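**Student:** Chain residues, written in single-letter form:
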Amino acid sequence: MHAYLLIESGGPPAGPGSHRFAGDAAQLVREGADVALFLVENGVAGAVRGAMPELDALLADGGELWVDAFSLRQRAVDAEDLVPGARLVEMRDVARKLLSPAVRVVWH
Amino acid sequence: MATTDNTLLIIERAHRGAVETQFADTLFFVRELHRQSGGVHVALRGLAASYAVDTTYEAALRIAGRTLDTLPDPRRLLRQLLDDGATVFVEETDLSALGARARERLLPGVRRVTGAELVSRWSDYARVWFF
Amino acid sequence: MVFAVRHTDVMLKLLGAPHRTDLVTSALRLAQALLDEGAAVQVWACGDATALTCAAFGDSKPVNVAERTVDHPSTATVIRELLTAYPDRLDWYVCRFCCAERGRSEQIAEVLKRPPSQFWQHVRATGKVVAMGVC
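Residue numbers (our numbering), protein chains in the order written: chain A, 8 to 115; chain B, 502 to 632; chain C, 146 to 280.
None of these hints come from the bench; they were simulated from the model. Any given hint might turn out to be false.
As the list claims (entries may be wrong) - Simulated pairs of lysine to any residue, SDA-like, Cα-Cα distance not exceeding 20 Å:
(1) Lys273(C) - Gln263(C)
(2) Lys206(C) - Leu569(B)
(3) Lys206(C) - Thr568(B)
(4) Lys273(C) - Gly24(A)
(5) Lys206(C) - Ala561(B)
(6) Lys206(C) - Ala560(B)
Said to hold, decoys possible - Which chain A residues stay away from chain C? Per the calculated CB distances, all over 12 Å, these:
(7) Asp31
(8) Ala40
(9) Glu48
(10) Arg56
(11) Leu95
(12) Arg103
All values derive from a computational prediction rather than experimental measurement. A virtual CB, placed ideally from N, CA and C, is assigned to each residue, including glycine.
Okay, chain A solo, but in the shape it has when bound (with noise of 0.2 Å):
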């Protein structure tokens, strides 16, 4: 299986290419990959509930959605605002993902 940490920086308020990105993210989890989306800078504004419907075809298909914490409270968004799934964490966690052999890498 392959497996990917697919990075979205920009989210909603830098257009539609995070949109698109999120739906690639969502597509590789139907075919079978090990994905897990991590929202960082803007791109946490992405998982407030209603802001970027691909997540829920991620997230349903299985796909994982992280958050970084730090982005998210220095855009004073509330972790009960987030979709249901959404995984809050730190760069440390992004490092040892990245770290693992088999994961592909993609910054957005």
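Following the hints, position chains B and C against chain A.
**Tutor:** Just chains B and C, lined up with the frame of chain A:
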């Protein structure tokens, strides 16, 4: 109420580089313009709406054994700007985009407006600048 | 003399400009987290990211007139400190062409200028590349 010599500064792009920016962020310069001009009105839209929402964020990072505790702290600067007498608006839509609970943590003194309401007031200002 | 690129676990290919987004902050946070995990890291800075290590910055940012006694380290200082803290596991390269093209040829001594023609040598000398940002 705006006067015909007032300036409306609209801040839309936010969080533009913590480590490299530190104190010298947009609100720092807005505060200086407020001082020089005799008074500005500020509208926060997009993710800049988050500047008007209280948070547990600590503006610090650990890098190379140093705690870099001089990162931008927009809520602190916005409070100072309000204390200085500036008028600060935040657009409702953008506040909502930060989550249902965001409005409960709006900084005292910040006024909520709809985008349409704010645009209708542009004619009250001598200058409207995206900042 | 032939330059031998030191092998690393991860390369952060940093292309985004400072003062636009929090990309630089993320890159530094990620570099620190990887180093904390014991990894060896190289950063290749291209485009406007070469500005981060300009010698002209000096040690500190200009004085904050609102708080004159508070020191605000420059990015050059932050990166120098990171390199000093991890001499065996961190390398910071800047693209020589981008430095010249953007008037940033004077870099701090701790970073190495490399020609873009040798970039793939660095890709081969690392386990993974995180391509962060665009020129």
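**Student:** None of the hints should be skipped; say for each whether it holds.
**Tutor:** To see whether the hints hold, each was checked on the structure:
1. Lys273(C) - Gln263(C): holds (17 Å)
2. Lys206(C) - Leu569(B): Roughly 13 Å between the alpha carbons, so the hint for Lys206(C) and Leu569(B) holds.
3. Lys206(C) - Thr568(B): Judged against 20 Å, a Cα distance of about 17 Å means the pair holds.
4. Lys273(C) - Gly24(A): It is violated: about 24 Å lies between the C-alpha atoms, which goes past 20 Å.
5. Lys206(C) - Ala561(B): holds (17 Å)
6. Lys206(C) - Ala560(B): Status holds; Cα separation ~17 Å.
7. Asp31: holds (15 Å)
8. Ala40: holds (17 Å)
9. Glu48: Violated, because the least Cβ-Cβ distance between Glu48(A) and chain C comes to about 4 Å, which does not exceed 12 Å.
10. Arg56: Answer for Arg56(A): holds, closest chain C Cβ roughly 23 Å.
11. Leu95: Leu95(A) is indeed farther than 12 Å from all Cβ atoms of chain C, at 15 Å.
12. Arg103: violated (6 Å)
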